[in-house]
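This is what each chain is made of:
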Amino acid sequence: MKLNLDQEKPIFIQIADGIEDGILTGAFPEESQIPSITEFSVNYKINPATALKGINLLVDEGIIFKKRGVGMFVSKGAVSQLQKKRQDQFFDHYISKLIDEAKRLNITSGEIIAMIERGFTQ
Amino acid sequence: MSRIEVTDISKTFKDTNALTHVNLHFEENTIYGLLGRNGAGKTTLLNIINNRLFPDSGTVTLDGDTLTENTAALSRCFLTNENNLYPESMKVKNAFKWSQVFYPDFDIDYAGKLSKLFELPQKKKIKSLSTGYQSIFKNIVALSVNVPFVFLDEPVLGLDAYHRELFYKVLIEKYAERPFTAVISTHLIEEAANIIEQVIVIKSGQIICSKSLEELLASGYCVSGPAAQTDSYIQTKNVIGTESLGGLKTAYILGIPDPDMPAGLEISRMDLQKLFIRLTDMPESHS
Chain H
172 MKLNLDQEKP IFIQIADGIE DGILTGAFPE ESQIPSITEF SVNYKINPAT
222 ALKGINLLVD EGIIFKKRGV GMFVSKGAVS QLQKKRQDQF FDHYISKLID
272 EAKRLNITSG EIIAMIERGF TQ
Chain E
1044 MSRIEVTDIS KTFKDTNALT HVNLHFEENT IYGLLGRNGA GKTTLLNIIN
1094 NRLFPDSGTV TLDGDTLTEN TAALSRCFLT NENNLYPESM KVKNAFKWSQ
1144 VFYPDFDIDY AGKLSKLFEL PQKKKIKSLS TGYQSIFKNI VALSVNVPFV
1194 FLDEPVLGLD AYHRELFYKV LIEKYAERPF TAVISTHLIE EAANIIEQVI
1244 VIKSGQIICS KSLEELLASG YCVSGPAAQT DSYIQTKNVI GTESLGGLKT
1294 AYILGIPDPD MPAGLEISRM DLQKLFIRLT DMPESHS
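Going down the list, the sequences are from chains H and E.
Every position in the first sequence, counted from 1, becomes a number in our numbering once 171 is added.
Every position in the second sequence, counted from 1, becomes a number in our numbering once 1043 is added.
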């Protein structure tokens, strides 16, 4: 997982997003242990409170669970839960931006659809 | 919870007002960034807190007890700074031993481990170390003393990129394992920005800002776009600075962005470095 700490998004959100990506790509499989708060904060040189805040977002959603004295683990069913969540966000995060840019460039909806179909066949 | 309280500290050197009515407090187990431009008063403030300088007026207390000439309270604080307090002919190894005499919780094994990590030669005299290694030596002592309040004055002075990164990693590791209050004074903000929780900005001997990093970053935003649109938008705003590049203009604004931004203007988050430059760049009358 790679963070872009200069980016606009607050770092704790980026930590949560990065772990989500790791779960979706299989880097952090379901029921496996994820690195500790200390490991995250040392690795990215961020305050442990920031790392904790990011991870707690995922704990609140039930994607990560804590085992007292052992560590933090990916929940069973986290992948499908995340896929569902990201599917819901897909329009806002990707499609609306695509349409904004297409409008600026005078690209029609037909042309976008053709491009998407071409992309899927590649 | 332990707490250091700085109340109404003023200090003058001849005709220079080094500090003027400084009020601050430091909470337990928090990482502070003490930010200020060269000569702003950072080192003077740290020296006064740690009883190395006397203020003209004002008090510094730890849990209600004065820190001035109070050995018991002072043994819970540690300050590194440019003036080495060790005899110049002393070797690194002996300096570690002496630190243990003054600070009973000084972890000599940990200091040795860090020396290996930073490749600090323990048999060398402190005087003969390069600027970078003098900083490393002082940082190692600071990370090994195990007191609740550690003040690091310009800890990355003279350190190369590799050692700066290593220093911040070791600091976080130590902080995560055994929390303490670290007050880091620096003007190299970018590298420390993700570690700091509380920001104190000092300008010409006065505290112009003391709040959490989150609050500080949320207190302002940047707007950029074509100069004419930017200018008309910022007319009614509290602008702390602008930058122009051709027909493009960026304004740094204090406050919360309007929910409906005029077309053509883009909002972005203020980063600490930008905010710091703007805050410390403002004319006296505006601050």
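By construction, these hints were calculated from the structure, which means they are not laboratory data.
Do not rely on the hints blindly, as some may be mistaken.
Which chain H residues face chain E? A few, computed with CB under 10 Å, are given here [as the list claims (entries may be wrong)]:
no.	residue
1	I182
2	Q204
3	T209
4	S212
5	V213
6	Y215
7	K216
8	N218
9	A220
10	T221
11	L269
Here are the simulated DSS-like cross-link-like pairs (lysine-lysine), alpha carbons at most 27 Å apart as the crow flies [to be verified]:
no.	chain 1	residue 1	chain 2	residue 2
12	H	K237	E	K1317
13	H	K224	E	K1057
14	E	K1159	H	K216
15	E	K1254	E	K1317
16	E	K1212	H	K237
17	E	K1317	H	K224
18	H	K180	E	K1159
19	H	K180	E	K1280
20	H	K268	H	K237
21	E	K1212	E	K1156
22	E	K1167	E	K1134
23	E	K1134	E	K1156
24	E	K1246	E	K1217
25	H	K238	E	K1217
26	E	K1156	E	K1170
27	H	K216	E	K1156
28	H	K216	E	K1134
29	E	K1156	H	K224
30	H	K180	E	K1254
31	H	K216	E	K1317
32	H	K274	H	K216
33	H	K216	E	K1254
34	H	K224	E	K1217
35	H	K238	H	K224
36	H	K237	H	K255
37	H	K237	H	K247
38	H	K216	E	K1170
39	E	K1212	H	K238
40	H	K180	E	K1134
Here a beta-carbon is modelled for each residue, glycine too, at the ideal position from N, C-alpha and C.
Which hint numbers doesn't this structure obey? Hints 2, 11, 12, 13, 18, 20, 24, 28, 29, 32, 38, 40 are the ones this structure does not satisfy, whereas the remaining hints hold.
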